[in-house]
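Enquirer: Given chain E, work out where chain S should sit, using these hints.
Protein chains in written order, with the numbering used here: chain E, 150 to 261; chain S, 4 to 114.
If you're looking for bench data, these hints aren't it; they were derived computationally from the structure.
Any given hint could be a false lead.
Restricting the straight-line Cα-Cα distance to at most 25 Å, the calculated cross-link-like pairs of lysine-lysine (PhoX-like) are [claimed, not checked]:
#1 S:K71 <-> S:K101
#2 E:K206 <-> E:K249
#3 E:K249 <-> S:K59
#4 E:K166 <-> E:K206
#5 E:K220 <-> S:K101
#6 E:K249 <-> S:K39
#7 E:K167 <-> S:K70
#8 S:K70 <-> E:K249
#9 E:K206 <-> E:K167
#10 E:K206 <-> E:K218
#11 S:K73 <-> E:K167
Some residues of chain E that are not near chain S, with every Cβ distance over 10 Å (derived) [unchecked claim]:
#12 E150
#13 K167
#14 N175
#15 M176
#16 V201
#17 E202
#18 E219
#19 P224
#20 S231
#21 L244
#22 N247
#23 K249
#24 S259
Computed spacing ranges between beta-carbons, pair by pair [unchecked claim]:
#25 S:E17 <-> E:T169: 39 to 45 Å
#26 S:P114 <-> E:E219: 46 to 52 Å
#27 E:P157 <-> S:Q62: 33 to 39 Å
We put the CB at the ideal spot given by N, CA and C, even for glycine.
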Amino acid sequence: EAQVTQNPRYLITVTGKKLTVTCSQNMNHEYMSWYRQDPGLGLRQIYYSMNVEVTDKGDVPEGYKVSRKEKRNFPLILESPSPNQTSLYFCASSLRSNEKLFFGSGTQLSVL
Amino acid sequence: GEDVEQSLFLSVREGDSSVINCTYTDSSSTYLYWYKQEPGAGLQLLTYIFSNMDMKQDQRLTVLLNKKDKHLSLRIADTQTGDSAIYFCAERYSSASKIIFGSGTRLSIRP
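Bound-form chain E, shown alone (with noise of 0.2 Å):
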């Protein structure tokens, strides 16, 4: 089935400690990215990339770093999180930047 998939659903860990989330692909997608959604504020983006080894901030990167080694696979790295960073987190896939997202099920993310 075709489908992105992110892990952990839900995470709750404390100011400072560093977490990644994981986030894989299995149809071959060139473009990823990754999304926080807040309320009222709907998704901001926090980095995507086009292709492997490519990436690029969107609106949101601080306290946030992605790698792509690997096309299937989009990490995102919080190297020290903060309270403001709990959040609901989503990554997404196309097969190029300008066709039709996929999106993963969402990380809920609480930093204590």
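Expert: Relative to the frame of chain E, chain S by itself:
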């Protein structure tokens, strides 16, 4: 700057039509989208419209685009309880690598 705006809530009676509105700022956007988010799930593309079209119909869904006013709407005919969700308007920015999402409209259905 880039911005997509939607009202946050809409309540309609079951069987009535729902109309969700959206305004955007980028006049050079190429695609405009409607995504649906059901509780606990990611977003799913409902429909989209090219910027050179005025209207697109797909079963119960009708999308209207007014380029002059930069206004997009989604009409859902015969609204059912399964239509309860958050609906996001989005535009593909002219750079093509970026999609700007609105804040989402929560549609609730009353009996």
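Enquirer: For every hint, state whether the structure bears it out.
Expert: To see whether the hints hold, each was checked on the structure:
1. The suggested pairing of K71 (chain S) with K101 (chain S) holds, with an alpha-carbon distance near 22 Å, which does not exceed 25 Å.
2. Note on K206 (chain E) and K249 (chain E): the hinted pairing holds, with a Cα-Cα distance of about 20 Å set against a maximum of 25 Å.
3. Distance restraint check for K249 (chain E) and K59 (chain S): the Cα-Cα separation of roughly 17 Å lies within the 25 Å cut-off, and the hinted pair is therefore satisfied.
4. For the hint pairing K166 (chain E) with K206 (chain E), the CA-to-CA distance comes to about 23 Å; that is within 25 Å, so the pair holds.
5. Between K220 (chain E) and K101 (chain S) the alpha-carbon distance is near 19 Å, which keeps this suggested pair within the 25 Å criterion.
6. Taking the CA atoms of K249 (chain E) and K39 (chain S), the gap is about 13 Å. The hint holds against a cut of 25 Å.
7. This hinted pair does not check out: K167 (chain E) and K70 (chain S) have alpha carbons roughly 45 Å apart, beyond 25 Å.
8. Restraint check for K70 (chain S) and K249 (chain E): the C-alpha separation of about 21 Å stays at or below 25 Å, so the hint holds.
9. Of the pairs offered as hints, the one joining K206 (chain E) and K167 (chain E) holds, with about 20 Å between alpha carbons and a cut-off of 25 Å not exceeded.
10. The hinted pair formed by K206 (chain E) and K218 (chain E) meets the criterion: a straight-line CA distance of about 17 Å does not exceed 25 Å.
11. With a CA separation close to 42 Å, the supplied pair K73 (chain S) and K167 (chain E) exceeds the 25 Å bound.
12. Under the 10 Å C-beta cut-off, the non-interface status given to E150 (chain E) relative to chain S holds; the minimum distance is some 14 Å.
13. Consistency note on K167 (chain E): stated as away from chain S, and its beta-carbon is indeed over 10 Å from all of that chain's, at 25 Å minimum.
14. Once the 10 Å rule is applied to beta carbons, N175 (chain E) is consistent with being away from chain S; the minimum gap is 15 Å.
15. Separation of M176 (chain E) from chain S is adequate, the least Cβ-Cβ distance of about 14 Å exceeding the 10 Å criterion.
16. Even its closest Cβ contact with chain S, about 15 Å, leaves V201 (chain E) beyond 10 Å, as expected for a residue assigned away from the interface.
17. Residue placement check: E202 (chain E) keeps its beta carbon more than 10 Å from all beta carbons of chain S (closest about 16 Å).
18. Distance to chain S confirms E219 (chain E) as a non-interface residue, since its nearest Cβ pair spans about 20 Å, more than 10 Å.
19. Every beta carbon of chain S lies more than 10 Å from that of P224 (chain E), the smallest distance being close to 17 Å; the non-interface claim holds.
20. Taking the minimum C-beta to C-beta distance to chain S, about 23 Å, the non-interface status of S231 (chain E) holds against the 10 Å cut.
21. Every CB of chain S is more than 10 Å from the CB of L244 (chain E) (nearest about 13 Å), matching its label as outside the interface.
22. Interface exclusion of N247 (chain E) from chain S breaks down, the closest Cβ pair being 5 Å apart, not more than 10 Å.
23. A Cβ of chain S approaches the Cβ of K249 (chain E) within 10 Å, the least distance being about 5 Å, so the stated non-interface status is violated.
24. For S259 (chain E), the non-interface assignment is confirmed: its Cβ lies about 16 Å from the closest Cβ of chain S, beyond the 10 Å cut-off.
25. Between E17 (chain S) and T169 (chain E) the beta carbons are some 44 Å apart, a value that agrees with the proposed interval 39 to 45 Å.
26. Checked against the hint of 46 to 52 Å, the pair P114 (chain S) and E219 (chain E) passes, with Cβ atoms roughly 50 Å apart.
27. The supplied range of 33 to 39 Å is met by P157 (chain E) and Q62 (chain S), whose beta-carbon atoms lie about 36 Å from each other.
Consistency note: the structure conflicts with the earlier hints numbered 7, 11, 22 and 23.
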